[in-house]
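Chain by chain, the residues run as shown.
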Amino acid sequence: MKILLVAEYRDGELLNNSYELVAFAGQLGADSAMFLVGSEGVLPAYNGTLYLADVDKYGEFNPAVHKQLLLDVIAKEQPDMVVFAHSSYGWDLAPRISLALNVAHVSEVIDIVDGVPVVPACNSKLRCDVKAKTAQMVLTLQGGAFGLEDHPTGNPTVVPINTETASEMEFCGYEEAEPGGVDLSKAEVIVSAGRGIGKPENMEMIEELAKALKGEYGTSRPVVDSEWADHTRQVGTTGQTVSPKLYVACGISGAIQHLAGMKKSEFIVAINTDRDAPIGEVADVLIVADLKEFVPAMTEKINNL
Amino acid sequence: MKILVCIKQVPDMESRFKLNSESKWYEEADLAWRMNEYDEYAVEQAVQLKDQVDDADLTVLSIGPDRVREMMKKALAMGCDRGAHIADDDYFKKDPYEIASVIAEVAKDKGFYMICTGMQSQDRGSAQVGVLVAEMLGLPSITTIVGFAFEGGQITAKRELEGGIKSIIKTRAPALVTCQLGLNTPRYPTLPNIMKAKRKELLSIPISELLKVESKQETVRMYFPEKKGGGLVLEGDVADLTDQLIKILKDKTAVLA
Ligand SMILES: Cc1cc2nc3c(=O)[nH]c(=O)nc-3n(C[C@H](O)[C@H](O)[C@H](O)COP(=O)(O)OP(=O)(O)OC[C@H]3O[C@@H](n4cnc5c(N)ncnc54)[C@H](O)[C@@H]3O)c2cc1C
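The listed protein sequences derive, respectively, from chains A and B. If you're matching positions, the first sequence starts at 1 in this note's numbering and goes up one per residue. If you're matching positions, the second sequence starts at 1 in this note's numbering and goes up one per residue.
If you are wondering where the hints come from, they were derived from the structure by calculation, not from laboratory data. Since the model is a prediction, treat every value here as computed from it, not as a measurement. None of the hints are false.
Straight-line C-alpha distance at most 20 Å; calculated SDA-like pairs for lysine to any residue:
no.	chain 1	residue 1	chain 2	residue 2
1	B	LYS93	A	THR134
2	B	LYS250	A	ALA212
3	B	LYS198	B	ARG67
4	B	LYS108	A	ALA100
5	A	LYS76	A	GLN136
6	B	LYS228	A	GLY147
Sample of chain A residues lacking proximity to chain B, with all beta carbon distances greater than 12 Å (derived):
no.	residue
7	GLU40
8	GLY48
9	ASN155
10	ASN162
11	GLU207
Beta carbons are placed, not taken as given, at the ideal position from N, Cα and C, and that holds for glycine.
Make a model of the complete structure from these sequences and hints.
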């Protein structure tokens, strides 16, 4: 089996998730080649053929152009699978490729069992086995599902690639995440509020519990989107990554994008009315209760210790 | 200016799911249904664009069984002008490619200047349909947007990337955008608008008239994940629970020391 890995490059750097693709190919015992719109100066530690397009010429984000560059490599390599990270780059480019190739496309794969991709459904409460009907397939891999090589090593054989395709989009650069706010990565205790708090007034009880535990408060994304808390408090893939000694998730379901930001915490307590909430998968203790009753009661008890 | 917004109805994710008799999808009885969260942002964006330009006509489209009409009425009450319900009881057996083909079949030759979709659905989460529709129609598409501005035929969008960074992308309409959480603040339909929505056109078209392709993949089995986390689950009286948790925190962590 032959796999083409679509590596990622942003802001002058190769992204680490590129090595998850290498780990995936390793787990399948497949031959691989790699595709990258990147730079000669920042080559991946990878032993294999690297089809490299110059990022200065083609841009870090330019779907129509990256698509053509990639299709040319696929025509040459004839891989059985074309594999992307399920990331803002991967989920954008992958459908363009699968449609052009007229092949199956399975998103957010977390496992391959007997050759069949497994994907999550309904916020990870369910799983699906999705079987391709075409010989070739396009996959995007859920972040973290296939691990990372510990110390990747190697030197790729670089094959430069080019295209004449015109762009339909203009990439005008990046806007950094707003600076300031708390650095949650330094907190020893984080008490986080999710949508389950129900209304903005309930942020206060979360802050009180955080204070009682001498920690900081954090939030899931909807709390920030609803402007119940400042966005610098958000934990997750598009917020901060934290690993405190104690993480208390209040009314947070445990979506993969939230888990990615906090699952390395040393001890995790979840308070949730839903016994089946996926947060239970990472929690050391799941307390099935209404946070509006439990959180103030807990705060009071700690303050009286 | 003609605008299209594509939406899906999904179950409340807090539901206790059961499998259907074939174990290929979840059992639909006894679930509470709502508009896919990402699509609420898409509807709001489409309505805001409609309000910004003159002479806009906004169509909302959804594929699914009759129950989706209820959700479509909400979109009409939010400000969409007309609805196209693609009736399909077997919607869950369609793969993203088939769903996108049906939407593209509806949209082709209609001259939509802007198409808005959610970036993904909450139940299946493939994040493919929007991009596929655009590619099928030969339109540029910008995915995962958290910012949108339209001026003189030019779209300036912010894409959200990992770590909270955004990239700024420009393209010319006609185009398609897939909307990410937090793009805007979806409005609540007001009572007068709910009443008005009842009189808006809501067509129903059987999917058989539009589906001309075959799927590329099939969900062969749906199941519950094995419980890996050996975490403790505590239930019961709140006072007891707080005592238990304090004891656990004293035993297992140093935070109460
Ligand atoms: C590209 C992308 C990036 C993302 N990045 C992030 C990110 O960085 N961080 C992030 O958090 N999310 C992120 N998300 C969103 C993520 O997918 C989820 O939508 C989000 O994490 C859900 O937040 P939540 O758990 O607070 O809300 P929900 O999923 O709505 O869960 C609410 C929970 O509260 C519980 N609950 C309700 N009432 C009570 C009560 N009274 N007492 C106790 N429990 C109660 C419910 O049972 C439920 O489990 C991202 C999504 C995408 C697509």
